[in-house]
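Protein chains: 2
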Amino acid sequence: MSKLVIVGTVAFDAIETPFGKTDKILGGAATFIGLAASHFDINAAAVSIVGDDFPQEYLDLLSERHIDTTGIEIIENGKTFFWSGRYHNDMNTRDTLVTELNTLADFKPVVPEDYKDAEVVMLGNLHPIVQSSVLDQMSKKPKLAILDTMNYWMDCALDDLINVIKRIDVITINDEEARQLTGEYSLLVAAKKIQEMGPQYVVIKKGEHGALLFHEDQVFYAPALPLKEVFDPTGAGDTFAGGFAGYLAKTNDYSFENMKNAVIYGSTLASFCVEKFGTERMQNLTSEEVHKRLLQFKQLTQFDIELG
Amino acid sequence: MSKLVIVGTVAFDAIETPFGKTDKILGGAATFIGLAASHFDINAAAVSIVGDDFPQEYLDLLSERHIDTTGIEIIENGKTFFWSGRYHNDMNTRDTLVTELNTLADFKPVVPEDYKDAEVVMLGNLHPIVQSSVLDQMSKKPKLAILDTMNYWMDCALDDLINVIKRIDVITINDEEARQLTGEYSLLVAAKKIQEMGPQYVVIKKGEHGALLFHEDQVFYAPALPLKEVFDPTGAGDTFAGGFAGYLAKTNDYSFENMKNAVIYGSTLASFCVEKFGTERMQNLTSEEVHKRLLQFKQLTQFDIELG
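Going down the list, the protein sequences come from chains E and G.
In terms of the numbering used here, the first sequence opens at residue 1 and continues consecutively.
In terms of the numbering used here, the second sequence opens at residue 1 and continues consecutively.
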């Protein structure tokens, strides 16, 4: 059974959308990635940091879904990373209201001994130096290292970001970030430039417009499932990444053709994530529900033109 | 062989994009629809109006592609409809600089006798009363009536628009227009509301993000082919409609499954249209080129997840 190392925040989120607002609820990239990856028959471990204000029941929630949490350090008298944001009416843009780094400010991830030979490493959005330090700890080169990042690091740690991008196989990034990183408007040209920076595979996330996968001269485009309403987009990108990484770890097939399937799994899982606040929808998502929605995705995208 | 009636403008366009600008060149909805539909083995006729300032060579260009132009009325001492626009840097938005209706102001389309029993009617963007008058002339109910429209008619002739929408089978509309027409942000909900207004099938065009097809509770999403650059988006929507209508007329199969293929043909042809100014790319497009790009579309969208 393949191993997956997940590195990222485990956090408190407070979210406002046009549909309502929450108090501090469970959030964080590693949380969403872990919940998504738990749908695959793999060994997965989360590496993160929290304060002792973090409820044990939240950690149990991951353990119950077979995510190894021994790599989540708990700092005595420390406070857990807290993020608060407000979404605009279109749900595509948001303002950050509060960012309290707290224990995350001194996060030095330690990969559990058992996971140093993991086949897949999923580096959630963090300072690129922290992401790089995880790769340094691996006892052998992973079959696939996947990195998620955001515009914030392009603004304030570009050189470090470029250094870690050199070391990974797949980058997941949204359309605006791909344009910012390369100065190119065309996503086709932007993806090509990013490939020249290191990763052989580039995934560009376009929210309600789906996701694109690029490799050499090949492109795959998975649309997003049209939804009646997007209730809360928080965590959708991480859920996509968790589904993508989890599926690849399970199948242990890192070809472009199989990566298409991984994109579909990621999109499918993300389509659930946005239906409720925070992790609520993901906590009890069943494999029957996932299977049913994968069939919907097939109907949504597959056609049968006969070409000679 | 099925018959297709195409009603719409045949016009002069002057276009400015970040890549350059043109003098008055060949344009108009019926022109783009006709050039796209000419890729299918059908009988097609264009119904329109021009002034005697309109060059014979432009009409020949349609005839050479087997589009019957006897329904294009030429007004002595009249001037041809002229539109001029400037695209913004993102190529998704544009300003109209000039609209001279000229002969179009008194356009009373006359469907050629031979085409009054056509299987498919494609109503390009025009005043909804003009579109309705075409349906009145048909000697039998077409198997498929397709209507394209735009926000302008929602602003200034909404009642007339609603009346013609009641009479058609398929509407093609862009995402912002679908939202304006229904007051709904979710395209899934908007499409449902439009279906309740009459048409069983709703196609929502999202430009670089592709096109959605809705019918009852079914949805199909064809992404747009990612391109190195979009040179001039003028006519892309009409080219899509022409490919859609032409494919359905040729196959004479109006099922949802076959309509998926029609969407793919429309998207494929539209992906060529934007590569050059105006109709330039469409004038000499070969079936080999179309075939090759259809294969690209398959690779872009088709995957192979095994589901029990």
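The hints are simulated quantities; they were obtained by calculation from the structure and are not laboratory data.
A virtual CB, placed ideally from N, CA and C, is assigned to each residue, including glycine.
Careful: at least some of the hints might be erroneous.
[Said to hold, decoys possible] Residues of chain E placed beyond 12 angstroms of chain G at every Cβ, according to the derived structure:
no., residue
1, Thr22
2, Asp95
3, Leu97
4, Asp106
5, Ile129
6, Arg167
7, Glu184
8, Lys192
9, Lys206
10, Ala222
11, Leu225
12, Glu229
13, Glu280
[Said to hold, decoys possible] Capping the alpha-carbon separation at 27 angstroms, the derived lysine-lysine pairs in DSSO-like fashion look like this:
no., chain 1, residue 1, chain 2, residue 2
14, E, Lys228, G, Lys192
15, G, Lys140, E, Lys298
16, G, Lys193, E, Lys292
17, E, Lys193, G, Lys292
18, E, Lys166, E, Lys140
19, G, Lys276, E, Lys276
20, G, Lys141, G, Lys192
21, E, Lys228, G, Lys166
22, G, Lys228, E, Lys192
23, G, Lys298, E, Lys292
24, G, Lys276, E, Lys292
25, G, Lys298, E, Lys193
26, G, Lys292, G, Lys250
27, E, Lys298, G, Lys21
28, E, Lys166, G, Lys250
29, E, Lys192, G, Lys192
30, E, Lys298, G, Lys193
31, E, Lys193, E, Lys3
32, E, Lys192, E, Lys116
33, G, Lys193, E, Lys193
34, G, Lys116, G, Lys21
35, E, Lys228, E, Lys192
36, G, Lys116, E, Lys192
37, E, Lys192, G, Lys276
38, G, Lys116, G, Lys141
39, G, Lys276, E, Lys193
40, E, Lys276, G, Lys166
Cross-check of the supplied hints:
The beta carbon of Thr22 (chain E) is kept farther than 12 angstroms from every beta carbon of chain G, the shortest such distance being approximately 22 angstroms. No beta-carbon of chain G is positioned within 12 angstroms of the beta-carbon of Asp95 (chain E); the least distance is around 19 angstroms. Listed as a non-interface residue, Leu97 (chain E) keeps its Cβ farther than 12 angstroms from every Cβ of chain G; the least gap is roughly 23 angstroms. Non-interface call for Asp106 (chain E) relative to chain G: holds, since the shortest CB-CB distance, roughly 41 angstroms, exceeds 12 angstroms.
Non-interface call for Ile129 (chain E) relative to chain G: holds, since the shortest CB-CB distance, roughly 32 angstroms, exceeds 12 angstroms. No Cβ of chain G comes within 12 angstroms of the Cβ of Arg167 (chain E); the nearest lies about 26 angstroms off, and the non-interface call holds. A beta-carbon of chain G is positioned within 12 angstroms of the beta-carbon of Glu184 (chain E); the least distance is around 10 angstroms. With a cut of 12 angstroms on Cβ distances, Lys192 (chain E) falls inside the contact zone with chain G, its closest approach being about 9 angstroms.
Taking the minimum C-beta to C-beta distance to chain G, about 7 angstroms, the non-interface status of Lys206 (chain E) is violated against the 12 angstroms cut. Non-interface call for Ala222 (chain E) relative to chain G: violated, since the shortest CB-CB distance, roughly 8 angstroms, does not exceed 12 angstroms. The beta carbon of Leu225 (chain E) is not kept farther than 12 angstroms from every beta carbon of chain G, the shortest such distance being approximately 8 angstroms. With a closest Cβ-Cβ approach of about 6 angstroms to chain G, Glu229 (chain E) is found to fall inside the 12 angstroms limit, against its non-interface label.
Glu280 (chain E), annotated as away from the interface, keeps every beta carbon of chain G farther than 12 angstroms; the closest lies near 20 angstroms. Distance restraint check for Lys228 (chain E) and Lys192 (chain G): the Cα-Cα separation of roughly 10 angstroms lies within the 27 angstroms cut-off, and the hinted pair is therefore satisfied. A threshold of 27 angstroms between alpha carbons decides the hint, and for Lys140 (chain G) with Lys298 (chain E) the separation of about 37 angstroms lies outside it, so the pair is violated. Restraint check: the Cα-Cα separation between Lys193 (chain G) and Lys292 (chain E) comes to about 25 angstroms, which is no more than 27 angstroms; the hinted pair holds.
Proximity of Lys193 (chain E) to Lys292 (chain G) is assessed by CA-CA distance (about 26 angstroms); at most 27 angstroms being required, the pair is judged to hold. Distance hint between Lys166 (chain E) and Lys140 (chain E) is fulfilled; the C-alpha atoms sit about 17 angstroms from each other, no more than 27 angstroms. Taken as a hint, the Lys276 (chain G) and Lys276 (chain E) pair is broken in the structure, with Cα atoms around 44 angstroms apart against an allowance of 27 angstroms. Using a Cα cut-off of 27 angstroms, the hinted pair Lys141 (chain G) and Lys192 (chain G) holds, with the two alpha carbons roughly 24 angstroms apart.
A hinted pair counts as satisfied when its Cα atoms are at most 27 angstroms apart, and Lys228 (chain E) with Lys166 (chain G) qualifies at roughly 24 angstroms. Proximity of Lys228 (chain G) to Lys192 (chain E) is assessed by CA-CA distance (about 10 angstroms); at most 27 angstroms being required, the pair is judged to hold. Between Lys298 (chain G) and Lys292 (chain E) the CA atoms are separated by roughly 23 angstroms; this keeps the pair inside 27 angstroms, and the hint holds. For the hint linking Lys276 (chain G) to Lys292 (chain E), the alpha-carbon distance of about 43 angstroms lies beyond 27 angstroms, and the restraint is violated.
Of the supplied pair hints, the one linking Lys298 (chain G) and Lys193 (chain E) holds, its CA atoms being roughly 25 angstroms apart against a limit of 27 angstroms. For a cut-off of 27 angstroms, the pair hint linking Lys292 (chain G) to Lys250 (chain G) stands: about 20 angstroms separates their Cα positions. For the suggested pair Lys298 (chain E) and Lys21 (chain G), the alpha carbons sit about 42 angstroms apart, so the restraint of at most 27 angstroms is broken. Under the criterion of a C-alpha separation no larger than 27 angstroms, the hint pairing Lys166 (chain E) with Lys250 (chain G) is inconsistent with the structure, at around 51 angstroms.
Taking the CA atoms of Lys192 (chain E) and Lys192 (chain G), the gap is about 39 angstroms. The hint is violated against a cut of 27 angstroms. For a cut-off of 27 angstroms, the pair hint linking Lys298 (chain E) to Lys193 (chain G) stands: about 25 angstroms separates their Cα positions. The straight-line distance between the Cα atoms of Lys193 (chain E) and Lys3 (chain E) is roughly 31 angstroms, outside the 27 angstroms bound, and the hint therefore fails. Distance hint between Lys192 (chain E) and Lys116 (chain E) is unfulfilled; the C-alpha atoms sit about 31 angstroms from each other, more than 27 angstroms.
The straight-line distance between the Cα atoms of Lys193 (chain G) and Lys193 (chain E) is roughly 43 angstroms, outside the 27 angstroms bound, and the hint therefore fails. Of the supplied pair hints, the one linking Lys116 (chain G) and Lys21 (chain G) is violated, its CA atoms being roughly 40 angstroms apart against a limit of 27 angstroms. In summary, the hint linking Lys228 (chain E) to Lys192 (chain E) is not supported, as the alpha carbons are separated by about 34 angstroms, beyond the 27 angstroms threshold. For the proposed pair Lys116 (chain G) and Lys192 (chain E), the alpha carbon gap of about 51 angstroms is over 27 angstroms, so the pair is violated.
Our distance criterion of 27 angstroms between C-alpha atoms is met by Lys192 (chain E) and Lys276 (chain G), whose separation comes to about 23 angstroms. Our distance criterion of 27 angstroms between C-alpha atoms is met by Lys116 (chain G) and Lys141 (chain G), whose separation comes to about 9 angstroms. Between Lys276 (chain G) and Lys193 (chain E) the alpha-carbon distance is near 24 angstroms, which keeps this suggested pair within the 27 angstroms criterion. Restraint check for Lys276 (chain E) and Lys166 (chain G): the C-alpha separation of about 36 angstroms exceeds 27 angstroms, so the hint is violated.
In the structure shown, a violation is registered for the earlier hints numbered 7, 8, 9, 10, 11, 12, 15, 19, 24, 27, 28, 29, 31, 32, 33, 34, 35, 36, 40, in ascending order.
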